[in-house]
Amino acid sequence: MAPASGSSLYPRNTLKRIIRAHANRTLSKNVDILIFLDYTLFLQDLMREAAIRSKRDGERGISARSIRRVRDMSLRKFKG
Amino acid sequence: MSEPERKRARITPRNSTANEVVPDEETEETAFATLHQLGRIIRPTSTPVRRPSSAGPLSGGRERNRTPNIAIRTPGSAARTPRGGPATRPITARRGAPTTPHAIRALRERLEAARTPGQNRRKSGRGQRETPRDTLRALSRILAKSTKPTVLSPDGDTQPPRNRNPALDDFDAGPDMERPRLSMPLGDLYDDDSFHEAPPRQSMLPDLPDDVDNATMQSLEFGRRALSEDPRRRFSTRLSGFGELNDLGPEPSEFEIDGAFINRRPRMDEDELLLGDDDVGDEFDDNTVELRALMDRRQSRLSELEGLEDDDEEPDDPTFRFIVPQRVLREASPVVADDEALGDEAPDDDAGQTEDGEYEEDEDDMVPPVPDDDDDAVEAEDDIVLDEEPDFEDPNEEVVAADLQAYREEEAAIDRSILPGPDPTTAKKAGRRRRELRVSKNGTEYPEFPSGVVKKLANGFAKSQGINSKISKETLTAIMQATDWFFEQAGEDLADYAQHAQRKTIDDSDVIMLMKRQRQINVNTSSFSLAQKLLPRELLQEIRMAPPGKVKRPRRTRMETIQEE
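Residue numbers (the UniProt record's numbering), protein chains in the order written: chain A, 1 to 80; chain B, 1 to 565.
One or more of the hints may lead you astray.
Below, a list of computed lysine-lysine pairs in the BS3-like style, where the Cα atoms sit at most 25 Å apart [stated by the list, open to error]: (1) B/LYS463 to A/LYS77; (2) B/LYS533 to B/LYS463; (3) A/LYS79 to B/LYS516; (4) B/LYS516 to A/LYS77; (5) B/LYS470 to A/LYS79; (6) A/LYS29 to B/LYS473; (7) A/LYS77 to B/LYS533; (8) B/LYS533 to B/LYS516; (9) B/LYS441 to A/LYS77; (10) B/LYS533 to B/LYS470; (11) B/LYS504 to A/LYS79; (12) B/LYS473 to A/LYS55; (13) B/LYS441 to B/LYS504; (14) B/LYS463 to B/LYS473; (15) A/LYS55 to B/LYS504; (16) A/LYS29 to B/LYS533; (17) A/LYS29 to A/LYS55; (18) B/LYS470 to A/LYS55; (19) B/LYS441 to A/LYS29; (20) B/LYS504 to B/LYS516; (21) A/LYS79 to B/LYS441; (22) A/LYS79 to A/LYS29; (23) B/LYS504 to A/LYS29.
Bear in mind the hints are in silico, worked out from the structure with no lab data behind them. All figures in this text were calculated on a predicted structure; none of them were measured in a lab.
Chain A with its partners taken away, still in its complex shape (with noise of 0.2 Å):
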C-alpha cells in the first residue's frame, strides 16, 4: 500500500486483534475506526496532561516520569 505520508494510519488487523483478545468477541466492520479514534482521544488526553505536568516541572520535554504520573488519571477518565 502506498505510504500515508504525515496522516497516522494505524495497522487496522493489529488493533482488531489487540481489542478481539481483550473483549473476546468479534467486531463489526470499522468499529475499529472508532476505537483508534477513542485511543487518539486517549492518546491526546494523555500528552496533554503530560505536557501540562512536564511544563510545571519544569522539564524540556515531555519525560517517561510524567507520563507515568498522568497515566492512571488519564485511564481512569477513559474508563467507560
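On the provided structure of chain A, position chain B as indicated by the hints.
Just chain B, lined up with the frame of chain A:
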C-alpha cells in the same frame, strides 16, 4: 354674626398673649424651647374626627381656614393686623352668618379644624413634632465643636494599657513582656509582632514539593471509580495477582513517593542506574505490575539476544511450550478470514508468517523510522541503549534476571503460563520474529500496538501542546504501556456493552456508548466531528459512509486520489 365675633374675640387675645409671652420671658431660649412653649400655650390639639369638607366651597373655605392660621403664627403684632381680622373674610360677605345650629356648629368645627396643628405640620414639619432625633441632632450640634474623634493609642506605648489594668501587672513578670490583648487588636491585625506569627496553612497536607496540585486533585478524584474498577487493579488481576500485596492501588503509593517525606530524586537516580532504559524508572516500588510486565519484556528481549539464560528455568514449565503452536494454529485462521474479508492484505498471508508479514508491512509502509520486529531491530535498539548507557547493560541484566528468577520461583505455574514473556527457544522454533506477545485475560495472545504509530501520534500531540522536542524512547515506552492498558480497558468495556445488548459482536454503537461515557461525545460533539478533527481522511470516509459490501477497494482508489492532491 355675633357668634363669630365672640369667637374671634375669644381667640385673638389668647394668641396675642401667647405671642407676647414668648419674647418677654424666653428671648434667650432656643428655637426648640420657643416652639415648645408655643405648643404649651396653644390649645391641645383636637382634630375633629371628620373634617366637614363639604361645608363650603373650596376656595372660600381654604381662604377662611388660612387666615386664622396666619394670625396665630405671626408673632407679636401680627395678630392685630387688619388682614387677619374676621372683617376681611370673604365668607362673611359672600355668605350670611350661619343661623341654624347645625351651620353654627359646622362653622365652629371648621374653625377649630383650621387651628389644628395638622395644617402647620403640613406646611412645615418643625415645632410640634419633636422627635428624639431632633433632640439628638441639636445635642450633636452642640457637642460637635468641642469633642474630637477618638484616636487609637499607638502600639508602641505599652505603658498606659498596662497601667490601666492593674491586675495584669501581677501576671507580667517583667516590663519587657508582651502586652496581652484583652480586646480585638483593631489597629494591628496584621502586625508583625503579633503573637500569631503566620496563619497556619494546609494543616492537612505536608509541604509537597511540586506535585501538590495534582496530588490533591487526584485525591479528590478518588471516589469517582469504585475500587473494583481501578485500572491498576484490573491489570493486576489480568496478570494474575502479582501485585496484590504491594499494589494497594496507585494513589497511596504515589503519594508516598510524591510526598515530602520521601526524597524522590536520589531514588529515581538509583533506579535509573539500576534499570536504565526500561520503563521501570522511579516507580520501581509502587508500580509492581508494570515493573513485572516490563521486566518480563526486558527478559524476553534479553533472552532473544542471548537465549541460553533462561533455558534452565523454562523446561519445567510445560504450558509455555504448548501455547505457542496453539496460538499459531488458532490465530492463523481468523486472520486469514479477516484478511479475505478485507480483501487487500490477503497476499501477505502467503509468506507463512501469517499476520506478522502484514503487520510488519503495514508498519513499514506507514512509519518507516519505526524499528522492525526483527531480531536485528531489537538488537539495534539494544545497541542504541548500549551506546547511551554503556555501563548499564550488565548490571541491568543481572538485576532483571535475578528478579525474574526470584519471581518465577515464588509464583504459581498458572501465573507463569499467562505471563507474556515467551520462551526464547520456542519462539525461535516457531520462527516468529515478534518481540513479545501479550496475553489477554481471556488467554488470547495479541500483538502490541505498533509503537511507530503511537510515536507519531504522540509527537503530533506534543507539538500541539507546544513541546517541540521529540519524544524520548523512555517516554515512548511509558506511552506504550498506557496504550496497552487503554486497549485492554476499552476492549473489556466494549465487551461489556455488547454483552449487555446481547450481541456477540462489538458494534459501532458500543464504541459510541463508550465515548459518550468517557464524555468525549456529547450534544455538541459527535463522533464524526471528533473523527474529522483527529483521523485521517481515509478513515474518516469509512466511518461516514456506513459501508455496504466491499469497503476497502474503493477506499484505496479514493485514498490515492486524495494523496495526489
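Cross-check of the supplied hints:
1. Restraint check for B/LYS463 and A/LYS77: the C-alpha separation of about 22 Å stays at or below 25 Å, so the hint holds.
2. For a cut-off of 25 Å, the pair hint linking B/LYS533 to B/LYS463 stands: about 16 Å separates their Cα positions.
3. Distance hint between A/LYS79 and B/LYS516 is fulfilled; the C-alpha atoms sit about 11 Å from each other, no more than 25 Å.
4. Taken as a hint, the B/LYS516 and A/LYS77 pair is honoured in the structure, with Cα atoms around 12 Å apart against an allowance of 25 Å.
5. Taking the CA atoms of B/LYS470 and A/LYS79, the gap is about 28 Å. The hint is violated against a cut of 25 Å.
6. At roughly 34 Å between alpha-carbon atoms, A/LYS29 and B/LYS473 are farther apart than 25 Å, so this suggested pair is violated.
7. Using a Cα cut-off of 25 Å, the hinted pair A/LYS77 and B/LYS533 holds, with the two alpha carbons roughly 20 Å apart.
8. Our distance criterion of 25 Å between C-alpha atoms is met by B/LYS533 and B/LYS516, whose separation comes to about 17 Å.
9. Restraint check for B/LYS441 and A/LYS77: satisfied, since their Cα atoms lie roughly 22 Å apart, inside the 25 Å limit.
10. The hinted pair formed by B/LYS533 and B/LYS470 meets the criterion: a straight-line CA distance of about 23 Å does not exceed 25 Å.
11. Simply put, B/LYS504 and A/LYS79 have alpha-carbon atoms about 21 Å apart, close enough for the 25 Å limit, and the pair holds.
12. Between B/LYS473 and A/LYS55 the alpha-carbon distance is near 19 Å, which keeps this suggested pair within the 25 Å criterion.
13. Distance hint between B/LYS441 and B/LYS504 is fulfilled; the C-alpha atoms sit about 18 Å from each other, no more than 25 Å.
14. Distance hint between B/LYS463 and B/LYS473 is fulfilled; the C-alpha atoms sit about 17 Å from each other, no more than 25 Å.
15. The hinted pair formed by A/LYS55 and B/LYS504 fails the criterion: a straight-line CA distance of about 45 Å is larger than 25 Å.
16. Between A/LYS29 and B/LYS533 the alpha-carbon distance is near 22 Å, which keeps this suggested pair within the 25 Å criterion.
17. Straight-line distance between C-alpha atoms of A/LYS29 and A/LYS55 comes to about 41 Å, which puts the hinted pair past the 25 Å bound.
18. Distance check on the hinted pair: B/LYS470 and A/LYS55 sit about 15 Å apart at the alpha-carbon level, within 25 Å; holds.
19. Annotation: proposed proximity of B/LYS441 to A/LYS29 holds, straight-line Cα distance about 24 Å (limit 25 Å).
20. Distance restraint check for B/LYS504 and B/LYS516: the Cα-Cα separation of roughly 21 Å lies within the 25 Å cut-off, and the hinted pair is therefore satisfied.
21. Distance check on the hinted pair: A/LYS79 and B/LYS441 sit about 17 Å apart at the alpha-carbon level, within 25 Å; holds.
22. With a C-alpha separation of about 23 Å, the suggested pairing of A/LYS79 with A/LYS29 holds against the 25 Å cut-off.
23. Our distance criterion of 25 Å between C-alpha atoms is met by B/LYS504 and A/LYS29, whose separation comes to about 13 Å.
Consistency with the previously given hints fails for numbers 5, 6, 15, 17, ordered from lowest to highest.
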